[in-house]
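Go by the hints and put chains B and C onto chain A.
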Amino acid sequence: MNISYLFLIPLIPLAVFLLLGIFNKKIKPAVSGWIGVAGLVASTLLSFYAAFQYFFVTGKLDGAYQTFTARTVWLNFTDTLHIDLGILIDPISIMMLIVVSTISLMVHIYSRGYMKGDPGYTKFFAFLSLFTFSMYGLVLATNLFQIYIFWELVGVSSFLLIGYYYTKNSAVAAAKKAFIVTRFADFGFLIGILIIGFYTGTWDFETLNNPEGAAIANWASTSFMGLSVLTWALILIFMGGAGKSAMFPLHIWLPDAMEGPTPVSALIHAATMVVAGVYLVARLFPMYYFVEEGYVLNIVAYVGAFSSLFAAIIAITQTDIKRVLAFSTMSQIGYMMMALGVSGFDGHEGVGYMASMFHLFTHAMFKALLFLGAGSVIHAVHSNYLKDMGGLRKHMPITNITFLIAALAIAGVPPLAGFWSKDEILVAAFENSQFLYSIGVLVAGLTAFYMFRLYFGIFWGKETTYAHKPKESPRSMTIPLIILAIFSVVVGFIPFSEYVTADKLGFVAHLNYPLAAIAVFIGLIGIIFAWIFYKKENDLAERFANAFGVFYRWSSNKFYFDELYLFITRKLIFKRISAPIAYFDKKFVDGTMEGIGNKTLVVANKIKGIQSGKVQDYAFGFISGVVVLAIVFIYLWTN
Amino acid sequence: MIPGISITEILSLTSILFFIGVYGFITRTNLISMLVSVEIILNSTVINFVVINKYLYPELLQGVVYSIFIIAVAAAETALAVAIIINLYKQISSVDVKETETLKY
Amino acid sequence: MEKYIFYVLALIMIVSAIASVSSRRMLRSVVYLLFVLIGIAGIYFMADYNFLAAIQLTVYAGGIIVLIIFSVLLVHHIDMELEVAKKSKRIITALACLIGLGVFMTTIYSHPFIETTTAVTTTTADIGFALLSTEAGGFILPFEVISILLLAVMIGAIIIAKGEDVTEEPPKETPLVKQEKPVEKKKELLETEVTV
Numbered sequence: 000m001n002i003s004y005l006f007l008i009p010l011i012p013l014a015v016f017l018l019l020g021i022f023n024k025k026i027k028p029a030v031s032g033w034i035g036v037a038g039l040v041a042s043t044l045l046s047f048y049a050a051f052q053y054f055f056v057t058g059k060l061d062g063a064y065q066t067f068t069a070r071t072v073w074l075n076f077t078d079t080l081h082i083d084l085g086i087l088i089d090p091i092s093i094m095m096l097i098v099v100s101t102i103s104l105m106v107h108i109y110s111r112g113y114m115k116g117d118p119g120y121t122k123f124f125a126f127l128s129l130f131t132f133s134m135y136g137l138v139l140a141t142n143l144f145q146i147y148i149f150w151e152l153v154g155v156s157s158f159l160l161i162g163y164y165y166t167k168n169s170a171v172a173a174a175k176k177a178f179i180v181t182r183f184a185d186f187g188f189l190i191g192i193l194i195i196g197f198y199t200g201t202w203d204f205e206t207l208n209n210p211e212g213a214a215i216a217n218w219a220s221t222s223f224m225g226l227s228v229l230t231w232a233l234i235l236i237f238m239g240g241a242g243k244s245a246m247f248p249l250h251i252w253l254p255d256a257m258e259g260p261t262p263v264s265a266l267i268h269a270a271t272m273v274v275a276g277v278y279l280v281a282r283l284f285p286m287y288y289f290v291e292e293g294y295v296l297n298i299v300a301y302v303g304a305f306s307s308l309f310a311a312i313i314a315i316t317q318t319d320i321k322r323v324l325a326f327s328t329m330s331q332i333g334y335m336m337m338a339l340g341v342s343g344f345d346g347h348e349g350v351g352y353m354a355s356m357f358h359l360f361t362h363a364m365f366k367a368l369l370f371l372g373a374g375s376v377i378h379a380v381h382s383n384y385l386k387d388m389g390g391l392r393k394h395m396p397i398t399n400i401t402f403l404i405a406a407l408a409i410a411g412v413p414p415l416a417g418f419w420s421k422d423e424i425l426v427a428a429f430e431n432s433q434f435l436y437s438i439g440v441l442v443a444g445l446t447a448f449y450m451f452r453l454y455f456g457i458f459w460g461k462e463t464t465y466a467h468k469p470k471e472s473p474r475s476m477t478i479p480l481i482i483l484a485i486f487s488v489v490v491g492f493i494p495f496s497e498y499v500t501a502d503k504l505g506f507v508a509h510l511n512y513p514l515a516a517i518a519v520f521i522g523l524i525g526i527i528f529a530w531i532f533y534k535k536e537n538d539l540a541e542r543f544a545n546a547f548g549v550f551y552r553w554s555s556n557k558f559y560f561d562e563l564y565l566f567i568t569r570k571l572i573f574k575r576i577s578a579p580i581a582y583f584d585k586k587f588v589d590g591t592m593e594g595i596g597n598k599t600l601v602v603a604n605k606i607k608g609i610q611s612g613k614v615q616d617y618a619f620g621f622i623s624g625v626v627v628l629a630i631v632f633i634y635l636w637t638n
Numbered sequence: 000m001i002p003g004i005s006i007t008e009i010l011s012l013t014s015i016l017f018f019i020g021v022y023g024f025i026t027r028t029n030l031i032s033m034l035v036s037v038e039i040i041l042n043s044t045v046i047n048f049v050v051i052n053k054y055l056y057p058e059l060l061q062g063v064v065y066s067i068f069i070i071a072v073a074a075a076e077t078a079l080a081v082a083i084i085i086n087l088y089k090q091i092s093s094v095d096v097k098e099t100e101t102l103k104y
Numbered sequence: 000m001e002k003y004i005f006y007v008l009a010l011i012m013i014v015s016a017i018a019s020v021s022s023r024r025m026l027r028s029v030v031y032l033l034f035v036l037i038g039i040a041g042i043y044f045m046a047d048y049n050f051l052a053a054i055q056l057t058v059y060a061g062g063i064i065v066l067i068i069f070s071v072l073l074v075h076h077i078d079m080e081l082e083v084a085k086k087s088k089r090i091i092t093a094l095a096c097l098i099g100l101g102v103f104m105t106t107i108y109s110h111p112f113i114e115t116t117t118a119v120t121t122t123t124a125d126i127g128f129a130l131l132s133t134e135a136g137g138f139i140l141p142f143e144v145i146s147i148l149l150l151a152v153m154i155g156a157i158i159i160a161k162g163e164d165v166t167e168e169p170p171k172e173t174p175l176v177k178q179e180k181p182v183e184k185k186k187e188l189l190e191t192e193v194t195v
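Chains as they are written, first to last, in numbering that gives the first Met the number 0: chain A, 0 to 638; chain B, 0 to 104; chain C, 0 to 195.
Chain A on its own, in the form it takes in the complex (with noise of 0.2 Å):
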């Protein structure tokens, strides 16, 4: 198969951005928008041709699906270490790019009429494009180190898109907030990635990756506390992937990033970058599936249920529309990640990857159509919070229906997408852990009430009455919320694991019919519980709050977190470590050097008299030592 054409997928929104970027002020708004859409159309194009190219016209090879790579060395270090460029072309490459374009093009096409009028409206495509480059380059990356490269990047635009609007104080903090949690985690991923540049001699994932390789094969050469060092590694390089992906304790940072514009919140947010941490786990699935028997795995599954829980608990309690998809979108991720800490490696036994990566991409259909439905919602009302929404259904017609799609996908209602992912990973769970099974049936419960305590919130309820009456969205918005309805119904259907599989051989999944039944009944629960709650106006939902009480108020503060980490930076660090190291660095170390300094300059300032200026002083100063220079040469070096 012929792969040099993919280049050109990241290279195009590089080039749009370059344009976009460098000619900010000369381009009209109008075309501007175009050109970024049409830039994501010929990548998207692309994306699918190189799809469809991959699976179906050059197909499998003895059964399984091949690795292909293009590449050019950057840096050399040793003869196997090295730092490539290129591209690496594998089932779950090839599904990113089908998720990133697709998001990314229904998002830049619905930005158009989001936002119209605004004054930064060519700045905003630029950073788009410059976001779906670095994706790119991210899904594509051949070794750790182009991945880590891409990684920054993509957290930079997602940096710079949160800050869209600077002149808002919160937008700013949120902007630093994101990327300082996220630069944090980033620090375990790049010592990770040392690491494994030291311990195995390599970065590519082709070699990382294979089960014979050196790398999986000689993991308990060296150890380190107990564990294997690659143990180690892989340890840290989830960490990374927790802070991209929000993972509990790293997940402070998502919902302050709400404050970005709504299309940045759904494809940055929902879809694409925050699942790079789970992308990533399963760039590396092999070694953490070999690597001490899966170790990592064991605490990735962990992680990723208990934010599921965490972040589903909160979401419950919250009242920004935004920030209740927010916490939505962490709980799926943990829900990615535990079916990908849960998943075995051959076969059948692979199904929790399979199905870790089928619920991310049809998560990024419904979660994106969501957020673009809250966008809508937000366009037309202008307020983020429920209590400003209510009856809109007769407003926004469209918007309602496509919400309502999604809603039933993220709740497991067959025959929508989200049914058939999150049947998968309970059954990958099941299969694994009864515990983890319990938290995943109970997060799918709690996941239906909330998303629809959120759709019966904005489009029933109680009739507001609004300043000025909201009308349905332009067309230039509904349209990608048609065709992302239209996914999040059949993408379902897709017959996933006999194409992206851990040993990339594919199976035949069968549904499990009694497990899809509990999650299926616990979803209707859920969203019977809501119907109740919210669908006319009443005070059940404040009398439950009450009983609840002291969990309620720790919910809806997000249990504290922001509160405990700003204790730990603020009055621990801050205080006890770094203001008596900058003490000491600004009193010694500087003061050392000022001191040299400010001395100099008082001894120049004294001595500058003798530079009187007058002819007479200098010949004075020459008599005088010339009168010197003899008494010493005649007298003393001459006996």
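Bear in mind the hints are in silico, worked out from the structure with no lab data behind them. No residue lacks a Cβ here, since even glycine has one placed at the ideal position from N, Cα and C. Any given hint could turn out to be false.
Each pair of labels, with its calculated beta carbon distance range [claimed, not checked]:
id : chain 1 : residue 1 : chain 2 : residue 2 : range
1  : A       : 634       : C       : 82        : 23 to 31 Å
2  : A       : 605       : B       : 55        : 45 to 53 Å
3  : C       : 141       : A       : 611       : 33 to 41 Å
4  : C       : 88        : B       : 56        : 38 to 46 Å
Under the rule of at most 25 Å between Cα atoms (straight-line distance), these lysine to any residue pairs were calculated in the SDA-like manner [stated by the list, open to error]:
id : chain 1 : residue 1 : chain 2 : residue 2
5  : A       : 613       : C       : 89
6  : C       : 2         : B       : 97
7  : A       : 461       : A       : 551
Quick look at chains B and C alone, frame taken from chain A:
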């Protein structure tokens, strides 16, 4: 060759004149006075040339010829110095060294 | 006899030199300088260098002194008294000069000069031949260099003395060179030029 006078006595005389000139050059506050001091210094050194020529190597002419050159250069220097002083006076209406310290720091 | 004449000359020269560098009247100082120069011419006569003595008298006593007197009269009132340097400065300078003189003296008196007794009279013709000689030991090159130097000095002196009229026209618009109070303004001009 001055009968009864050794070279050391003449050299002592020129040394005294030289340092009187130096003293004047450093202490006078007036450009023309400094020029006068420079003339004293120059002349005292010219005598050295001549006297050493006469007392030590009477058959040579170097000392004499260079004395002539020094006198020529001194004349040229004086002419230029006077031109500069007068020009300076036209510009700042003073020939005091205090007024010409713009070179400092 | 020559011995006494020399001591008298030496005395006159030293006294006039001291008077010349310490007199507070400008013109008197120049006249004392004249005495010193004439004394030096006397030394040349006694050393049997008549031509040199003649040059000393004509160039120095005749030319340079007149030039200096002219400049003094151009820039000073005849009875203006000069400022004296600070006492401390004078003392320190005198001290340095005395130390230097001591060094000179000890060097001179400790050095064994080998004086010849042959008396050779150098005539004007000898000097003339030596100056124009192109052979080894001739002085034709320095002679020509001096002539070029004198020419350059002549041109330079004219240009400097004529001042800015020749060098360049100052820009008309700048307020610095308005001709209302020429002297003050020129002073400013000089300062700005230097600081620039």
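Status of each hint after checking the structure:
Take residue 634 of chain A and residue 82 of chain C: their Cβ atoms lie about 38 Å apart, and the range 23 to 31 Å is violated. In this structure the hint that residue 605 of chain A and residue 55 of chain B lie 45 to 53 Å apart at CB holds, the actual value being about 50 Å. Remark: the range hint 33 to 41 Å for residue 141 of chain C to residue 611 of chain A is upheld by a beta-carbon distance near 37 Å. Roughly 41 Å separates the CB atoms of residue 88 of chain C and residue 56 of chain B, a value that falls within the hinted 38 to 46 Å.
Distance restraint check for residue 613 of chain A and residue 89 of chain C: the Cα-Cα separation of roughly 15 Å lies within the 25 Å cut-off, and the hinted pair is therefore satisfied. Pair hint residue 2 of chain C plus residue 97 of chain B does not hold up; C-alpha atoms about 44 Å apart against a cutoff of 25 Å. In summary, the hint linking residue 461 of chain A to residue 551 of chain A is supported, as the alpha carbons are separated by about 22 Å, within the 25 Å threshold.
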